[in-house]
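One-letter residues, chain by chain:
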Amino acid sequence: MPHIDRRIYEHPIITFNRGKRVIFYFEGHPIEAYEGESVAVALYALGVDVFSWSPKFSRPRGPFCMIGKCSSCFMTINGVPNIKACKYPVREGLVVERQRGWGLLAKSSILEDYKPASSEKIETDVLVIGGGPAGLIAALTAANYDLNVVIVDEHFKLGGQLLKQTHKFFGNVELFGGLRGFQIAEELAKKIALEKRIRVLMSTIAYGVFRGGYVGVVGENAHYIIKPKALIIATGAQEKYLDFPNNDLPGVIGAGGAQTIMNEFGVKPGESALVVGSGNVGLIVAYQLLQAGVRVRAVIEILPEIGGWFIHAAKIRRYGIPILTRHTIKYVEGDVRVRKATIIAVDEKFNPLPGTEKEFDVDLVLLAIGLEPDSRLAIQAGAVVKYMPELGGFVPVRTRFLETTVKNMYIAGDISGIEEATAAMLEGKIASLAIVSRLVDTSRSSKALEEAEKVLKFLWEEYRASPLLLRAKRGKEAVTISINELEDLRKKFPSPVSFG
Amino acid sequence: MIYVEKFTFRETGVIKLEELKRLNLLPPQERLLKGPVAILECPEEIPCNICVPFCPSKAIQMESIIALPKIVWDKCTGCGICVAVCPGLAAFVVDISKQDADYVTIPHELLPVPRVGDKVMILSRSGEILGEGVVIRVWERNKTYVITIKVPKGLGLEVRAILSKPLK
Ligand code: SF4
Ligand code: SF4
Ligand code: FES
Numbered sequence: 268m269p270h271i272d273r274r275i276y277e278h279p280i281i282t283f284n285r286g287k288r289v290i291f292y293f294e295g296h297p298i299e300a301y302e303g304e305s306v307a308v309a310l311y312a313l314g315v316d317v318f319s320w321s322p323k324f325s326r327p328r329g330p331f332c333m334i335g336k337c338s339s340c341f342m343t344i345n346g347v348p349n350i351k352a353c354k355y356p357v358r359e360g361l362v363v364e365r366q367r368g369w370g371l372l373a374k375s376s377i378l379e380d381y382k383p384a385s386s387e388k389i390e391t392d393v394l395v396i397g398g399g400p401a402g403l404i405a406a407l408t409a410a411n412y413d414l415n416v417v418i419v420d421e422h423f424k425l426g427g428q429l430l431k432q433t434h435k436f437f438g439n440v441e442l443f444g445g446l447r448g449f450q451i452a453e454e455l456a457k458k459i460a461l462e463k464r465i466r467v468l469m470s471t472i473a474y475g476v477f478r479g480g481y482v483g484v485v486g487e488n489a490h491y492i493i494k495p496k497a498l499i500i501a502t503g504a505q506e507k508y509l510d511f512p513n514n515d516l517p518g519v520i521g522a523g524g525a526q527t528i529m530n531e532f533g534v535k536p537g538e539s540a541l542v543v544g545s546g547n548v549g550l551i552v553a554y555q556l557l558q559a560g561v562r563v564r565a566v567i568e569i570l571p572e573i574g575g576w577f578i579h580a581a582k583i584r585r586y587g588i589p590i591l592t593r594h595t596i597k598y599v600e601g602d603v604r605v606r607k608a609t610i611i612a613v614d615e616k617f618n619p620l621p622g623t624e625k626e627f628d629v630d631l632v633l634l635a636i637g638l639e640p641d642s643r644l645a646i647q648a649g650a651v652v653k654y655m656p657e658l659g660g661f662v663p664v665r666t667r668f669l670e671t672t673v674k675n676m677y678i679a680g681d682i683s684g685i686e687e688a689t690a691a692m693l694e695g696k697i698a699s700l701a702i703v704s705r706l707v708d709t710s711r712s713s714k715a716l717e718e719a720e721k722v723l724k725f726l727w728e729e730y731r732a733s734p735l736l737l738r739a740k741r742g743k744e745a746v747t748i749s750i751n752e753l754e755d756l757r758k759k760f761p762s763p764v765s766f767g
Numbered sequence: 003m004i005y006v007e008k009f010t011f012r013e014t015g016v017i018k019l020e021e022l023k024r025l026n027l028l029p030p031q032e033r034l035l036k037g038p039v040a041i042l043e044c045p046e047e048i049p050c051n052i053c054v055p056f057c058p059s060k061a062i063q064m065e066s067i068i069a070l071p072k073i074v075w076d077k078c079t080g081c082g083i084c085v086a087v088c089p090g091l092a093a094f095v096v097d098i099s100k101q102d103a104d105y106v107t108i109p110h111e112l113l114p115v116p117r118v119g120d121k122v123m124i125l126s127r128s129g130e131i132l133g134e135g136v137v138i139r140v141w142e143r144n145k146t147y148v149i150t151i152k153v154p155k156g157l158g159l160e161v162r163a164i165l166s167k168p169l170k
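Residue numbers (my numbering), protein chains in the order written: chain D, 268 to 767; chain V, 3 to 170.
Here chain D stands alone, though its shape is the one from the complex (with noise of 0.2 angstroms):
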């Protein structure tokens, strides 16, 4: 067992109230935890980095993207395999081990007590996947309208991707500009819990969409079928991957991955960082390991320019933190984790420069690449997609009220395209006004109509007008079409389900 301590215990931003204690069993030794961390958390803190060994090469596997969305953390608890720590709250006398290769079922005791979980079945108006920025104003929204709302969750935790963001938010005061991100993700949550008609289901997946507009919903001890008249699809991004030798050695994370790492669970990812991408999500995530004590060597951007914002360049060259262009990633190096690093110049097609080789000495190596929209629920709902580079992957086409082509389902949030929260709560409130508007009588249909042009207004005419969206902009222009459009499309591709 390595005895390191990577727990952070003072930190500018945050303050980490750790849980209660719990001993949870790893390969056999106990190991401490704090109530409220992941197991993957838990175990990282403590220095193991590998979690597992890939089936063909057997090649060390550590976690990725820390928030259930790329399955490089499959561990075996209690006796079940391939199921992600960095989902799996800590529970005092669990035991975790790793896997060699596939995972299997073990035919022990514990296995033997399992009674298959009863399914419980919800009729509500709207049902909300994922409780992120933009899922949460969706239901706050529609609950103010006197709808019923459920909203179902993958973490233990509400409030997505704004849990680990440290940096103020930007936008207006309306809009919590001004307030960190795990604060708003705080204030959203407490105005749910006030909330008699939101219920929330943590901990639970939507694993499907079925005939009779049925959702599926699944828990470690819980099954629900969900029968919503409206569906909200808010399940974000996730980070994408970067093909060079060895980027699947432990130490080489996402961005997000090691933000949920540092600022949600207050666990250093590393000693010493390079950063890969300069967008905003390199930018901050570079900030905050400095934030967090981490040394960062550089940022790389393959493109001449940098990637995000100015205002966050800034805040790292000030403290002398090199921002590299035109360089990208040659190979990382190490047996168990990354101990280095290679990057190397490239020239105007970006075809690599041999001799500008840099070598750094690193244990961690983010990538910051870009996201890319988790559409996954959507596509197999039935949505027509389209592929769209500036929105990072996949996004189903929809109208401006962020209707699909599935009848009454709707997207709001980085699904749609990837842009940032503030965008993402805007779209929340957008889908879920329409869905109002067809839910409610006429007199505050008309009202939540009102307010949803408002808001579009705002979103396309103000916050949108900003140069540096502009890719974004054109992108979710060219997905979003009319009525009539949306028709012809429901006409050529008939969706077997439908809502409402």
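Check the hints yourself; a few may be wrong.
[What the hints assert, rightly or not] Derived contacts from chain D toward chain V, CB cut-off under 10 angstroms, selection only:
#, residue
1, Pro279
2, Ile281
3, Asn284
4, Arg285
5, Lys435
6, Phe437
7, Val440
8, His490
9, Gln558
10, Trp576
11, Ile583
12, Tyr586
13, Gly587
14, Ile590
15, Ser733
[Unchecked claim] In silico DSSO-like cross-links for lysine-lysine, where the CA-CA straight-line distance does not exceed 27 angstroms:
#, chain 1, residue 1, chain 2, residue 2
16, D, Lys424, D, Lys507
17, D, Lys424, V, Lys145
18, D, Lys740, V, Lys8
19, V, Lys145, D, Lys458
20, V, Lys72, D, Lys740
21, D, Lys616, V, Lys72
Everything labelled a hint here was simulated from the structure, so no lab data went into it.
Backbone N, C-alpha and C fix where the C-beta goes; we use that ideal spot for every residue, glycine too.
Could you slot chain V with the ligands onto chain D? The hints should help.
Chain V with the ligands alone, transformed into the frame defined by chain D:
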């Protein structure tokens, strides 16, 4: 010699004084010599206007949420509220009106937080160590520390960060 230079801050992450000047973000020399005044190093049309409602003197104007902030120089009192609230940590107050030294007020979100009287390393926009300064005021708002440092004369427009000890 007359030539129009391209802005380079998007390549370097460091903005030059003349770039700030061309964008109307630098107070005129007469104003600088009158006493403390804010400089918002916010040169891009990002969707943000947080500083506008928070300025107690209503000195900051913005035509739309994406416009560049504009300070009415004579209304600005150099109070430093914008330094505390700007989410981009892009607001500073400088005072180059004194004979003996310049004074710079910066946002600070790193540990350790220096105390009044501490000697600290002063850093430029590119992280270059410019020398030593003395902390003369420290206050906090939602975990952003607003720190005023006395720096050698001539460095008021250059110092943009401090460190109590060198980074690892
Ligand atoms: S220093 Fe004070 S008065 Fe001047 S712009 Fe900032 S907030 Fe306004
Ligand atoms: S608050 Fe800061 S980032 Fe926002 S507009 Fe003002 S100076 Fe720019
Ligand atoms: S799913 Fe756990 S690290 Fe990605």
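- Are Ile281/D and chain V close enough, Cβ to Cβ, to be under 10 angstroms, as the hint says? holds (8 angstroms)
- Message: Is the interface hint satisfied for Tyr586/D? The criterion is a beta-carbon contact with chain V at less than 10 angstroms.
- Response: holds (5 angstroms)
- Query: For the pair supplied as a hint, Lys740/D and Lys8/V, is the alpha-carbon distance within the 27 angstroms limit?
  - Reply: Measuring from Cα to Cα gives roughly 26 angstroms; hence the hint holds.
- Going by Cβ atoms only, is Pro279/D closer than 10 angstroms to chain V? holds (5 angstroms)
- Query: Taking the least C-beta to C-beta distance, is Gly587/D closer than 10 angstroms to chain V?
  - Reply: With Cβ-Cβ at 3 angstroms, under 10 angstroms, it holds.
- Lys72/V and Lys740/D: Cα distance at most 27 angstroms? holds (26 angstroms)
- Interface hint outcome for Trp576/D [beta carbon to chain V under 10 angstroms]: holds (6 angstroms)
- Taking 10 angstroms as the limit, does the beta-carbon of Val440/D come near enough to a beta-carbon in chain V? holds (6 angstroms)
- Message: Min Cβ distance, Ile590/D to chain V: is it shorter than 10 angstroms?
- Response: holds (5 angstroms)
- Message: Between the alpha carbons of Lys424/D and Lys507/D, is the straight-line distance 27 angstroms or under?
- Response: Measuring from Cα to Cα gives roughly 24 angstroms; hence the hint holds.
- Restraint outcome when Lys435/D is required to lie within 10 angstroms of chain V by C-beta distance: Result: holds, 4 angstroms to nearest chain V Cβ.
- So, Ser733/D near chain V? Judge it on the closest CB pair being under 10 angstroms. Holds, because the Cβ-Cβ distance from Ser733/D to chain V comes to roughly 4 angstroms (cut-off 10 angstroms).
The earlier numbered hints that this structure contradicts are 3, 4, 8, 21.
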